[in-house]
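Trainee: Count along the sequence shown from 1, add 1447, and you get the number used in my numbering.
Keep in mind the hints are simulated off the structure, nothing from the lab.
The beta-carbon is built from N, C-alpha and C at its ideal position, and this holds for glycine as well.
Do not rely on the hints blindly, as some may be mistaken.
[Stated by the list, open to error] What follows is a list of derived Cβ distance ranges for each label pair:
| id | residue 1 | residue 2 | range |
| --- | --- | --- | --- |
| 1 | Arg1732 | Pro1562 | 36 to 44 Å |
| 2 | Gln1464 | Thr1650 | 47 to 55 Å |
| 3 | Ala1552 | Gln1708 | 39 to 47 Å |
| 4 | Trp1689 | Gly1654 | 56 to 64 Å |
| 5 | Gly1540 | Arg1462 | 15 to 23 Å |
| 6 | Ser1705 | Glu1535 | 36 to 44 Å |
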Amino acid sequence: MAMDSGGQRRSTVQRKQRDEVDKAERLRVLEAENARLRRLLSEKERELQVLDETFRTTPDYLRPGGFHQAVIRREPSLAQQVANFLTEQIYSGVFAPGEMLPSEAQLAKQLNVSPTVIREALAPMKHEGLLESRKGGRSRVARDFSGLVFRLDVDDRQDPNFLAHLYELRAIIEPEAAALAAVRATEEALAIIRERYEALKRTLEEGREGTDESHAFHKAILDASGNPHLAKFLSWVGKKIWSFIQNNDLDYRSEMISTTQREHEAIIEAIMNRDHVKARELARRHVLNAARRHGLDIQLP
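Construct the complete structure from the given sequences, taking the supplied hints into account.
Mentor: Pasting the structure below:
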């Protein structure tokens, strides 16, 4: 028994030593990234000074005027760079599923950025389901993010056509989901669609953003299609679109909300009437109009 007890103590000591080594390695990685981000920030500041000087001396007729602001973007923001780095750390196993991240204050200090930047970086990661909020202001890696079955490379987000490609993907697939919902939806599923729509309507009438309610409404239609994989995939696309919009401060004009709601109402009516042809047509038009509201002209055959 004495030997067993001694063996347990040695095992505990060895485990603690391994944990300390792991923590030291993570700290080393974070410090290296901190140095890289500081260098990059300094370079970007110099580039912005050059760009600002160039813009001031450029004649008006040579300045971009025929393009919507939504598709003219500079390099990823500092918050996006931090989010990209943390995402890669999670997918590469530095932070394991279910593991707590350092606090926002610790991350800000380690990466030499402000707490505001950290909060902006973590928000879309939580929205996508990669992180979970915990009490005390800390975030935990999701125990299971297998639901994020289709993942674009982080660098793809720097593609100027990233948002357009996502909307195109949505415009190809979502109308078919609406058509399937018109054919397959149970009475219970139809009731949920109507309930989610009314919740979204109330939220918007109260002047609130309604992001969660909008996702819940669209998810109800996707669930009604009867294909769980289709629902998961399109929910993922929708979250990616919203995450990109938030990270890039794209404007969504409030006067468009009533138009969007009329489109939603028409789609619901087609689904309720079991008119799959009209549901498909209206859903396609809705997605293309949503893209146009962000200055994108998606052309499909």
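Trainee: Holds or violated: the 15 to 23 Å window for the beta-carbon distance between Gly1540 and Arg1462?
Mentor: 18 Å, holds
Trainee: Confirm or reject the claim that Ala1552 and Gln1708 have a C-beta distance inside 39 to 47 Å.
Mentor: For Ala1552 and Gln1708 the Cβ distance comes to about 41 Å; the hint holds.
Trainee: Against the range 36 to 44 Å, how does the distance between the Cβ atoms of Arg1732 and Pro1562 compare: consistent or not?
Mentor: 43 Å, holds
Trainee: Between Ser1705 and Glu1535, does the beta-carbon spacing fit 36 to 44 Å?
Mentor: Holds, at about 41 Å.
Trainee: Could you see if the CB distance from Trp1689 to Gly1654 stays within 56 to 64 Å?
Mentor: The hint (56 to 64 Å, Cβ to Cβ) is violated, given that Trp1689 and Gly1654 are roughly 19 Å apart.
Trainee: Please test the hint of 47 to 55 Å on the beta carbon pair from Gln1464 and Thr1650.
Mentor: Holds - the Cβ-Cβ distance for Gln1464 and Thr1650, about 52 Å, lies within 47 to 55 Å.
The structure fails to meet hint 4 from the earlier list, while all remaining hints are met.
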